[in-house]
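Chains as they are written, first to last, in our numbering: chain A, 37 to 340; chain B, 16 to 140; chain C, 29 to 350.
In short, the hints are calculated from the structure, not lab data.
Glycine included, each C-beta is placed from N, C-alpha and C at the ideal position.
Be careful, since some hints might not be right.
[What the hints assert, rightly or not] For the chain B half of the interface with chain A, some residues (derived, Cβ under 10 Å), not all of them:
id: 1; residue: H73
id: 2; residue: R85
id: 3; residue: D86
id: 4; residue: V87
id: 5; residue: R90
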Amino acid sequence: MAGHEETVYDALDQAHGGEGQWAFGTGFDDPLAGVDTAVPDGVDASDLGAYCLMLGDDALVLSQRLTEWVTRAPELEEEVALANCALDLLGQARLLLARAGTCGVLGRSRSAATGSIPDEDALAYFRESEEFVNHHLVEVDGGDFAATMVRLLAASAYRLALFARLRDSRDPVLAAIAAKGVPELTYHRDYAARWVLRLGDGTTESHRRTVEAVDALWPLLADLPAATAVEARLAAAGIAVDPCVVDGEVRDVLSTVLEQATLEVPPWPTPRPSPGRAGSHTPGFDELLATLQGLAREHPAATW
Amino acid sequence: MSADLTAEGGHGAVPIGPSIPSGLGGSPGGPPPGRWPLYEVFVRGKRGLNHVHVGSLHAPDDEMAVHAARDVYTRRNEGVSIWVVLASDITASSPDEKDPMFAPSGDKVYRHPTFYDIPDTVPHM
Amino acid sequence: MSVATDLPDDGLQRDFESIIGHDRRIEPRDWMPEGYRKGLIRQIAQHAHSEIIGMQPEGDWLLAAPSLRRKAILLAKVQDEAGHGMYLYAAAETLGADRGDLTDKLIERRQKYSSIFNYPTLTYADVGVIGWLVDGAAICNQVPLCRSSYGPYARAMIRVCKEESFHQRQGFELLMTMMRGTPGQQAMVQDAVDRWWWPSLMMFGPPDDDSPNSAQSMAWGIKRHSNDELRQRFVDMTVPQAAVLGVALPDPELAPDEETGRYRFGAIDWSEFKAVISGDGPCNDERIARRRAARDDNAWVLEAATAYAAKRADDDRALPAA
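Using the sequences provided together with the hints, build the complete structure.
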């Protein structure tokens, strides 16, 4: 595309600092390019892959829910902030799904998709509902802005606590993914916390909506602390983080924010095995997947 | 028909509607409740020495303003220093001020800002 | 609040014209004719509205983007467009406009946005074609605006243009990938090109002898080139790109002119475009309705934040003197 416009842009670029980089940073290409993806000694590859799917699906599904706010956000500043969060989580999902692919946990998805599409896309677009292992917390409908902020607060506090410890994982790939994710998740958690404060301690109406959001969301927190068998094995091997160790920290964060927001902290629900982690999802999940996957599945032989 | 269009608007071909004053002032007595005030944003890049004015945004308070500025004006680049200031807190002057009618209130950052509560009785305002 | 009426002494008018004449910038504290100020507010505001409304046709494909990489690219692009709208509203505000007020006028249809965004994005290929053709045309319009006589607008445009060049390249790259792909993908691209080519040409506006504002805009350094000049530049740039892609442009009269090295093209049918502009387009109502809903459904959010801030301000004032 040579010609007039190209020259003009070069001149503009040089005149104004010549950063020459994509506005939001890079990261649009192969997420694990140049990274040694060998599975660490003594670690079962399918366990590691299954764990990456858990963390990856949590990010992918939450990213999808946040993306629903594009063109519907309360203000332009929130458009940018929400898209930022969604983009960060999408980046984390890509890294984790790619890692799962290198561990070979592709199953039926690999044969459903053309051989030339990357593992991350085979997994994202060609798995069935029962193969997704995200928590219900990230898949439920976004609701109003209060519900979205309460959910984002809970999900990012939990994920941040996991990732902070995951930086010490014996799997260097997970450690690297976690290290990159910690500043991102800190930002998400703090963004959501600022909003929960303002909505809880804002107007009567915003307070009412936030109370409703907390009440609706609270039972889903029961799914977070209990480790699956995979997580227990991997935690013992120094690879994964047992979610029960972060439970106290997450409770502290949520209590602190809610109290400061003049909200009552409901009693903590009794932990239970996460149905989402077992592939059992809420009724709305089918529709989420249909939207996410529909176009790609119409063209299974296509590269995009 | 073609008199109905202009090529304005960046993406071109904007229809010309009935002639209505565009965005002149806010509502009398200030913006409606819930409208967030205007903040000016200054950014200092990693290797720079000075903060540079990059634009403005709306936020309900200082804390939200500085974080919004990070999102919008630095795209979350680490190591960038940001200042946000309420536009109404800025006192300004220009090097070649040539307009004597402007001099008495010559400390506003914009010539025609909407965020000043000007009584209706002041002439030429 | 009314604005300063135009009773300048000749000195102010001369200084203004001198600045324009020397191709320097008018800045927010300078004296300026009311027509200049109002015209700029309208133009900048409508440009900003276009960026925001423009998020919708592509944004509608975010949830279904068929690869995670494309999803990320599109999400970053749509986020950029929000940012562009913000830079432009900020420029309009330096002239005394209020962003919320401008948004209200958009929703009430008292201010407009570029009609190109009243076309629907029927397939995923439309996303690529918007990047290639619509952003390409917008860049032709916008690069000259980087030298607009009004400083804040020119500076906003420099930033916008820089980011928009990435958008166009990525749209083109998507199309290249699809054209090397399955027959279904190729057909999708050709169909999208067939639908978006003429509307893209119409983005440049009517032939200049029909355009009432052009002469004054040119004199004031707001508009730098004629509509026809920009349209011709766009065609000349784009035809070779179409050849690289392997798509046909839906104009049987498109042909190179051996003498000038430019491309001749067929007559534009303005009547269809007029229908879209006057509200008979499929998406006119939808675009505004979405914007209205975002504002109205979330008004309580903005009020809550304002109330919270007021309470904190009250708390500060209530502190005892140290």
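Each hint, compared with the structure:
For B/H73, the interface hint holds, the least distance from its beta-carbon to any beta-carbon of chain A being 7 Å, beneath 10 Å. Interface restraint check for B/R85: the shortest CB-CB distance to chain A comes to about 9 Å, inside 10 Å, so the restraint holds. Hint on B/D86 holds. Least Cβ distance to chain A is approximately 5 Å, under the 10 Å limit. The interface hint given for B/V87 is met, as the beta carbon of that residue sits about 5 Å from the closest beta carbon of chain A, less than 10 Å.
Interface restraint check for B/R90: the shortest CB-CB distance to chain A comes to about 5 Å, inside 10 Å, so the restraint holds.
This entry satisfies every hint, going by the numbered hints stated previously.
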